[in-house]
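**Q** Use the sequences and the hints to build the structure in full.
Chains as they are written, first to last, in the UniProt record's numbering: chain A, 1 to 382; chain B, 1 to 382.
If a hint is listed, it holds; no wrong ones were tucked in.
Below, simulated DSSO-like cross-link-like pairs (lysine-lysine); rule was C-alpha separation at most 30 Å, straight line:
# : chain 1 : residue 1 : chain 2 : residue 2
1 : B       : LYS378    : A       : LYS378
2 : A       : LYS74     : B       : LYS378
3 : A       : LYS378    : B       : LYS74
4 : A       : LYS74     : B       : LYS353
5 : B       : LYS74     : A       : LYS353
6 : B       : LYS227    : B       : LYS353
One-sided excerpt, in silico: chain B residues whose CB lies under 8 Å from chain A:
#  : residue
7  : SER69
8  : LYS279
9  : TYR290
10 : ALA326
11 : PHE371
In silico negatives: residues of chain B with every beta carbon more than 10 Å from chain A:
#  : residue
12 : ASP13
13 : GLN32
14 : GLN130
15 : ASP131
16 : GLY144
17 : ARG208
18 : SER320
Please keep in mind that the hints were generated in silico from the structure rather than gathered at the bench. Predicted model only: the values in this text are computed from it and were never measured. Every residue, glycine too, gets a C-beta built ideally from N, C-alpha and C.
Protein chains: 2
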Amino acid sequence: MTARIHEFLRTRDDDGPCLVVDRDVVRDNYLQFARSLPDTRVFYAVKANPAPELLALLAELGSCFDTASVQEMKLVLEAGATADRISFGNTIKKERDIARALELGVRLFAVDCEAEVEKIARAAELTGAQDIRVFCRILCDGAGAEWPLSRKFGCAPEMAVEVLEHAWRHGLDAYGVSFHVGSQQGNTQAWDQALAASAAIFRECAERGIRLSMVNLGGGFPTRYLKQIPAVEAYGQSIFEALSRHFGNRIPETIIEPGRGMVGNAGVIEAEVVLVSRKSRAEDEIRWVYLDIGKFGGLAETMDEAIRYAIRTPHDGEASTPCVLAGPTCDSADVMYERIPYDLPVSLSIGDKVLIEGTGAYTSTYAAVAFNGFPPLKSYVI
Amino acid sequence: MTARIHEFLRTRDDDGPCLVVDRDVVRDNYLQFARSLPDTRVFYAVKANPAPELLALLAELGSCFDTASVQEMKLVLEAGATADRISFGNTIKKERDIARALELGVRLFAVDCEAEVEKIARAAELTGAQDIRVFCRILCDGAGAEWPLSRKFGCAPEMAVEVLEHAWRHGLDAYGVSFHVGSQQGNTQAWDQALAASAAIFRECAERGIRLSMVNLGGGFPTRYLKQIPAVEAYGQSIFEALSRHFGNRIPETIIEPGRGMVGNAGVIEAEVVLVSRKSRAEDEIRWVYLDIGKFGGLAETMDEAIRYAIRTPHDGEASTPCVLAGPTCDSADVMYERIPYDLPVSLSIGDKVLIEGTGAYTSTYAAVAFNGFPPLKSYVI
Chain A
1 MTARIHEFLR TRDDDGPCLV VDRDVVRDNY LQFARSLPDT RVFYAVKANP APELLALLAE
61 LGSCFDTASV QEMKLVLEAG ATADRISFGN TIKKERDIAR ALELGVRLFA VDCEAEVEKI
121 ARAAELTGAQ DIRVFCRILC DGAGAEWPLS RKFGCAPEMA VEVLEHAWRH GLDAYGVSFH
181 VGSQQGNTQA WDQALAASAA IFRECAERGI RLSMVNLGGG FPTRYLKQIP AVEAYGQSIF
241 EALSRHFGNR IPETIIEPGR GMVGNAGVIE AEVVLVSRKS RAEDEIRWVY LDIGKFGGLA
301 ETMDEAIRYA IRTPHDGEAS TPCVLAGPTC DSADVMYERI PYDLPVSLSI GDKVLIEGTG
361 AYTSTYAAVA FNGFPPLKSY VI
Chain B
1 MTARIHEFLR TRDDDGPCLV VDRDVVRDNY LQFARSLPDT RVFYAVKANP APELLALLAE
61 LGSCFDTASV QEMKLVLEAG ATADRISFGN TIKKERDIAR ALELGVRLFA VDCEAEVEKI
121 ARAAELTGAQ DIRVFCRILC DGAGAEWPLS RKFGCAPEMA VEVLEHAWRH GLDAYGVSFH
181 VGSQQGNTQA WDQALAASAA IFRECAERGI RLSMVNLGGG FPTRYLKQIP AVEAYGQSIF
241 EALSRHFGNR IPETIIEPGR GMVGNAGVIE AEVVLVSRKS RAEDEIRWVY LDIGKFGGLA
301 ETMDEAIRYA IRTPHDGEAS TPCVLAGPTC DSADVMYERI PYDLPVSLSI GDKVLIEGTG
361 AYTSTYAAVA FNGFPPLKSY VI
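**A** Structure, rendered in structure tokens:
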């Protein structure tokens with residue numbers, strides 16, 4: 001919560017929940033990443049928050065961009081970055097979207113299977129695009145991460161060698177390896193095992209005559225919610241040590257893809273308490289607090305109570321009581337914290353404004369388009 | 001899947017996933033409800049699908065409307081229904097939204113606690129609105145329902161009596177009781193217990209000199225996904241018997257709020273297979289199928305694998321294999337069926353179109369506004 005956000009909210013006169021993101025915090029975060037991982041290029045994960053003002057700021061600072069779709073690429077180009085600073089990081093792409101990306105000048109693509117390589121090869125032939133770099137994503141177990149990591153992206157390391165060879169045989173540049181240690185990763189050592197696997201893939205490819213160049217270290221850099229998190233420097237140090245351990249004096253080119261770590265702590269959502277109630281007169285009956293934002297209004301990451309945001313109220317410091325926290329929709333699944341109730345002041349009342357901190361990432365674009373008739377989350381970048 | 005939808009999709013030439021809803025099916029469903037529960041007024045749950053064409057059709061057929069927000073009320077009014085056919089069914093309302101509803105002429109409100117009653121009383125004073133009917137929602141255990149029902153809405157039956165008396169003392173019309181047996185309710189007897197509790201509330205209120213008039217039977221009427229479901233007539237019969245059992249010859253006025261049951265089976269989503277892959281060469285490695293729609297693109301009800309849609313492919317009838325089914329976003333949580341994999345034809349290939357049936361309800365409005373840059377689900381009513 002910055003003084004600038006505080007001032008903006010003080011003078012705000014429109015209605016309904018809103019997200020406010022402070023550009024100064026994003027700038028600080030970018031510089032911190034650049035300083036802590038000095039030999040690594042930063043590819044901001046646009047999906048975390050694609051607000052044009054943030055993309056323009058990051059483009060100006062020299063950031064590159066990890067994009068999930070052609071629409072995101074267009075936003076990045078409109079924000080002033082050139083296509084050589086864009087990666088198409090989604091391993092699940094329509095062939096016609098790959099062709100569109102190539103036409104836009106994008107030359108860096110993620111894959112995790114041979115079928116995806118073949119799509120890129122065909123799109124390259126169609127468009128006549130040259131010098132296309134392909135990196136293969138490998139599976140990573142994600143232990144220590146707070147946002148669930150599934151097996152959705154990546155393949156087994158053994159298979160990655162074949163996928164990269166497949167790319168090479170199709171005239172693409174087998175450029176490297178990527179992995180993701182899991183979003184909101186609290187363990188600075190989490191990169192070690194995947195870097196060991198990456199180094200093995202580099203060796204195996206070299207034996208087949210294919211020289212890989214790059215390791216994409218993915219995202220996973222956390223933002224602070226309720227718990228303390230390690231500093232970015234600690235991640236940089238740990239990653240550098242793991243790189244040295246597994247690659248010796250042949251450390252490859254590296255890139256990172258921070259999303260949450262870049263914008264999470266730059267944003268605050270202001271919401272309103274719509275109702276405070278109990279379900280019965282029983283003494284041990286828990287209190288329910290309903291806000292005008294919930295799981296379908298931008299706080300999708302409370303799914304399975306994965307992300308636990310810090311919530312500030314006008315009554316902080318007063319006596320508190322455990323509450324179930326729920327959203328405003330007529331959907332019974334729109335409950336944010338129930339399994340582990342959230343302590344909130346007893347004096348918290350209908351009409352009070354609360355601040356949900358660390359909400360700069362994965363909120364505005366997650367909001368449902370019109371569920372229950374509620375408009376999507378408003379977003380301001382200041 | 002109707003012939004009209006089939007024909008529409010055959011000649012469709014735009015790109016990306018889309019929902020197509022057949023008005024004829026919605027008309028049939030409405031008439032079926034009206035026939036099966038002849039003494040019950042139908043309040044369509046607008047949140048299930050607020051497409052203007054559907055609201056206009058239902059308004060013309062004589063339906064009333066259960067709304068979750070002022071925005072939904074406005075849609076209903078624009079569709080040609082009058083305010084006396086609208087219920088503000090959300091128990092979580094801002095006082096200024098209650099005032100807006102009163103100004104629009106709405107006079108029927110759900111509550112589940114005294115604080116909500118007081119908001120309505122204050123809004124009534126502010127606007128000068130008269131003859132405001134209030135019904136109190138009670139908790140219901142939802143056993144037999146497929147979409148998770150939480151304790152989010154409703155209060156204990158004992159407390160409902162106090163809430164209704166509170167309304168009465170504040171000059172509101174203590175109109176009745178509501179409950180919800182859980183969405184996609186497969187048990188036709190599920191209404192019995194809640195009707196017993198409702199009858200007890202009617203008696204208790206009568207002893208306090210308050211004559212309740214109405215029981216809102218809620219929704220819960222299922223649509224057919226993969227499993228057979230009972231016919232609407234069976235629900236009507238079972239509800240009528242339970243009403244007779246608990247209210248004797250003083251059966252109250254009743255209303256129902258079908259949403260899924262009204263529009264679910266009227267809609268089909270056409271999606272495209274973006275990728276089919278495996279994660280390793282292991283013989284028992286499961287196949288992954290990625291569509292261009294997922295949990296954040298409209299299929300939010302696959303959350304926790306709650307709703308299992310019927311999926312038709314161009315290769316149905318051929319040899320099949322269990323698949324993990326996932327969406328197109330760079331989000332590891334965007335996986336629809338994994339715990340219980342989905343059998344799909346071995347010959348299903350990249351670029352194939354699939355039809356996801358029973359998707360007329362709770363899809364279009366659930367779609368994220370722009371997650372990963374993907375546009376919200378397109379929707380056509382034919």
